[in-house]
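Asks: Keeping their order, the protein sequence lines are chains A and B. First residue of the first sequence? That's 33 in the numbering used here, and the numbers climb one at a time after it. First residue of the second sequence? That's 10 in the numbering used here, and the numbers climb one at a time after it.
Read the hints as simulated data drawn from the structure, not as lab findings. The structure displayed is predicted, hence computed values, not measured ones. Treat the hints with care, since some could be wrong.
[Unchecked claim] Below are the DSSO-like pairs computed for lysine-lysine, each with C-alpha atoms no more than 30 angstroms apart in a straight line:
hint	chain 1	residue 1	chain 2	residue 2
1	B	K322	A	K754
2	A	K157	B	K301
3	A	K93	B	K36
4	B	K301	A	K751
5	B	K312	B	K22
6	B	K315	A	K93
7	A	K152	B	K202
8	A	K220	A	K754
9	A	K204	A	K425
10	B	K312	A	K686
11	A	K152	B	K315
12	A	K220	B	K52
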Amino acid sequence: MAQAPKEFSIVGKRTPRIDAYERVTGQAHYTGDIQLPGMLYARLLRSNVPHAKIVSIDISKAEKLPGVKAVIHHENAKVPWSSGGHTHQRFIFNNPVRFVGDAVAAVAATDRHIAEDALKLIEIKYEKIPHVLDPNEALKPDAPKISTNGNLSVGKGAFSAPIEESWGDLEKGFKEADQTFEDTYITKHTNNAQLERRVSIAKWDAGKLTVYASTQGVSNARTDIAKDFGLPLSRVRVVSKYMGGGFGNKNQAQDYDYMAAVLAKVTNQPVKLEFTREDDYIGMHGRWPSEQHYKIGVKKDGTITAVQLDAVTNMGAYRKQSGNLSGTDFYNIPNFKKVIKPVHTNTVVSANYRAPAYPQSVFGFASFLDHIAYELGINPLDMFMKNRIQKYKSKLPFTSNYLEQCIIEGSKRIGWNEKWHKPGAAPGVNKHGIGMALGGYPFRPGLGAATIRINADGSAHLLVGVTDIGTGAKSTMAIIAAEALGIPLNQIQVTNGDTDVTPYSVGESGSRTTSFTGPAVIAAAEDVRRQIFALAAPELKAKAEELDLRDGQVFVKSDPSQKIPLERAVARAGELIGRATTNPEFKDVEGKSFSAHFAEVEVDTLTGHVRITRYVAAHDSGNILNRMPAESQIMGGVVQGIGMAFSEELIIDKLTATPINPNYRDAKVPTHLEAPNVEVIFVEHYDPYGPFGGKVVGEPPITAAVATIANAIFNATGKRIKELPITPDKILQARQV
Amino acid sequence: MKSFQNIDVKSVKEAVGLLQKFQQQKKVAAVIGGGSEYLQLMKDHVVEPDYVINLKTIPGLDYIKEERGGFRIGALAKLADIEEHPAVREKLLILSDAAGEAASPQIRNAGTIAGNICQRPFCWYFRSSNFTCLRKGGQVCYTVTGDGRFHAILGGGPSYIVHPSDTAPALVALGAQIKIAGPAGEKTIPLEKFFLLPSVDYKRENVLNPGEIVTEIHVPTPRTGSKGFYHKVRERLAWDHAIVAVATIVESNAGMVRDARVVMGGVAPIPWRAAKAEEFLRGKRMDEASAKQAGAIALEGAKPLKDNVYKVKMAQDLIQRGLLASL
């Protein structure tokens, strides 16, 4: 295992979040807690038809309701929302409306109940347009067109379609195979379901717009807003101090930020626009559902020779993100081709949700591999071990790859060799099963920035643009700064998530927070240390490069007894400011965090109920910078996977095209009783490219969870369920076949 | 939520009087106990009352009293209290278990027994403000063309809701009586007769007339030699309604069934008593075969919708499991 270049003082320990006290005592002010003088409250009216032209909209009655201050809609607030759609121009209010849930109007009033009442007074005449809900139907030539370009969602650059990727020689690969298997796996739309509903507060001061957003990226939110409102960046301020989760659907600026800004402008008062839970489920986005058709060629011993994936992903009415499927990423596939068609339908939009392209296709591919192992009479552990990825696209090495150790340590911990049995061979009504799958997520370097101010008393101020979406990012940044500076953690104050104050951050999504901004914090610390040493050198009668700083003391490396307190060095300068913008690149290497998950289940074959009795998650995320939140990340990701595996699904009524379960109760996010004790194993090593050796943690844990559970259910019952969620009715139906 | 006026009352009589008064004024008024259910309906715009009469301020209506031959449970007794009451656990385990299976700990700490029995349906069409379904004064039950995976397989039509209560099947199995106060005074009826099939009235779930309030449940203690069980199948272990629930009570002597009760939840618009299966079991030896047959008899006449065929076998099997548990 690669060793760290030095011993760490705080990195790698179990450190509680630096803002844990404020969060659990209610002193942390989340966006929804902010109250501004004269603030108005807004509510949204959404389309109740799936596809229609708005012929007329009459707001006169709503405007007359006492307390109503403004009503905006597609005619009087024609503001583009560029990041809301990449195939056809999307506005904050659209005409035609393209799904049940498309925003039609917003009302600002003196309280939210009045705003709600006013929505009912808005009269709209729709002229219906034929609609389509099923993505396969949508691809037929005579299907109603949702985008001007057609229903295959063709945008520019990253949003082109179909998404195609290939390497090797597919035909040769299938020729080399002893056997070829084909099958189809289906996944459903699930919502991010983060605790904090979307909320935005906007106000204008002398032509400058401030948005208190619940965003995963203050910088990119500011860029979006400035662009679509035609403002210079200097006239837009986005602030996000505390967040109640996002899981990928709060990145950038969203339509509600814009609506709050327009309402605030029209009324000349601050406006708070908070989603209801139903708004949250249907108005923003969830994970793209998919239909994945695989053709896999294997040798008799299970070695993969070729994989062909043809898939359709349902992006809903607008293309916000890729629609890709990447579950094949964790396997050595010498000959590969995938063609994925992101498709428009008149349904709720699908876009980023934790590891956007992964859990659905890891479910498909790892389920199918598990099944092929069964067909070939191979133990799945051997199948996954044999085919695990070693080189990126069979070519490039990884910065580090401890997937093998994840498989070994995880299988040992769960007792795979003692507990695995032939699928369906467990006796009795309550059948035991064990399953596994591989997962992970790309680890990439990129643009980051940080500023560190050392105050005259030796305390430090770290300024970073990152928002803390629940991962403990604020604490991670402070820990990196404390380690890099050589001062105690409690001497560091973090200011984050405010574009007027903090430097650029790429956005806290895609597991980029630590890997992008972490190196900048280290570099900013080095910058300020150089300044400290230059100031301290004369008094310590040594050269600057001979000095070190630890526990707030500047000392001579060769003789630590020669030292002065940090504050004495800084005092002369009043304060010191270190800053850095870093943009490291990989050369001839690829980065990835890896995981191997293992689950034991008990299936009640009489009721179809599945209980997870044990769960082991082994992760290679490089060096772990803070164990406490890192373990929580793994547990949380697994529990989200459990929801996706067992119960979560946004159901659309076919006749009316209306979602019928857009809430926690009916969309069935898991509770504590569904959450097993997740045993987390970190296969730790020092990655040479990561900040303090760390790779990525946030996105990986959900990737393998769904497939792991599905494979355990197969091992228990001997029946393969190829469509999510694996509900009791599906288990009973499979049993009766 | 539409604005409303809350009125705290001090007695059942006062509540009944107010209900009558508001009815005469053609105002919408409703009573709440724990509020966990009714407030949700208000937030979802399913109901929009002008007045909400708060019964929680009536002193002493949350009792659980053991008397000779049974228990008297006040309408405001909380589900959590019923779940944890030592004598209820000892003598009415099936009720204690059923109360403990309801909703979530938070809701059980607020929700009352009367509220649990009087719950409105949790059909997603009924609960959504986007649908004006048959039960809300519309023309169609959307379940017929739409998604009815959790809906009725027995007693359905023209509405296909299922009764959501966990305690009701257990109480019907126990032969509970329900006391109702109204403008004409008090009356007590068997709980089994409290619920209404949609073929009788598809706009309400029970016989409560305007102005009437549930005040008490009386539960006889089962005879010695009886064993009762409540089994519930659902997708999520908390905060989820039954896909199928089965309350079984078997009184037996030397392996022979003297009397049996089989009542299902989650399968019909009312707690569904399988009287024919009970009749079949009387005098039989309880074993795998008789339990299985009882399950089959109980589901005779089931008419599943296109999406809930699986419920039939699930219910049969669960009945078998419940009956065999008594061995």
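Asks: Holds or violated: are the alpha carbons of K93(A) and K36(B) at most 30 angstroms from each other?
Replies: Within the cut-off at roughly 24 angstroms; holds.
Asks: Under the criterion that the straight-line Cα-Cα distance not exceed 30 angstroms, is the pair K312(B), K22(B) satisfied?
Replies: violated (43 angstroms)
Asks: Would the hint linking K157(A) and K301(B) be met if the CA-CA limit is 30 angstroms?
Replies: violated (57 angstroms)
Asks: Quickly compare the C-alpha distance for K220(A) and K52(B) to 30 angstroms and report which way the hint goes.
Replies: At roughly 28 angstroms apart (the allowed maximum being 30 angstroms), K52(B) and K220(A) satisfy the hint.
Asks: Need the status of pair K312(B), K686(A): alpha-carbon distance at most 30 angstroms?
Replies: holds (22 angstroms)
Asks: Is the straight-line distance between the alpha-carbon of K204(A) and that of K425(A) 30 angstroms or less?
Replies: holds (17 angstroms)
Asks: Decide if the proposed pair is consistent with the structure: K220(A) and K754(A), CA atoms, cutoff 30 angstroms inclusive.
Replies: holds (12 angstroms)
Asks: Hey, K301(B) versus K751(A), does the alpha-carbon distance stay inside 30 angstroms?
Replies: holds (24 angstroms)
Asks: With the threshold set at 30 angstroms, check whether the alpha-carbon distance from K322(B) to K754(A) stays at or below it.
Replies: It holds: about 22 angstroms lies between the C-alpha atoms, which stays within 30 angstroms.
Asks: Mind checking the alpha carbons of K315(B) and K93(A) for me, to see if they're no more than 30 angstroms apart?
Replies: violated (43 angstroms)
Asks: Hint check: K152(A) vs K315(B), CA-CA at most 30 angstroms. Holds or violated?
Replies: With Cα atoms ~35 angstroms apart, K152(A) and K315(B) exceed 30 angstroms; violated.
Asks: Hey, K152(A) versus K202(B), does the alpha-carbon distance stay inside 30 angstroms?
Replies: Given pair K152(A), K202(B) is violated - Cα atoms ~40 angstroms apart, limit 30 angstroms.
Hint compliance for this structure: hints 2, 5, 6, 7, 11 are not met, and every other hint is.
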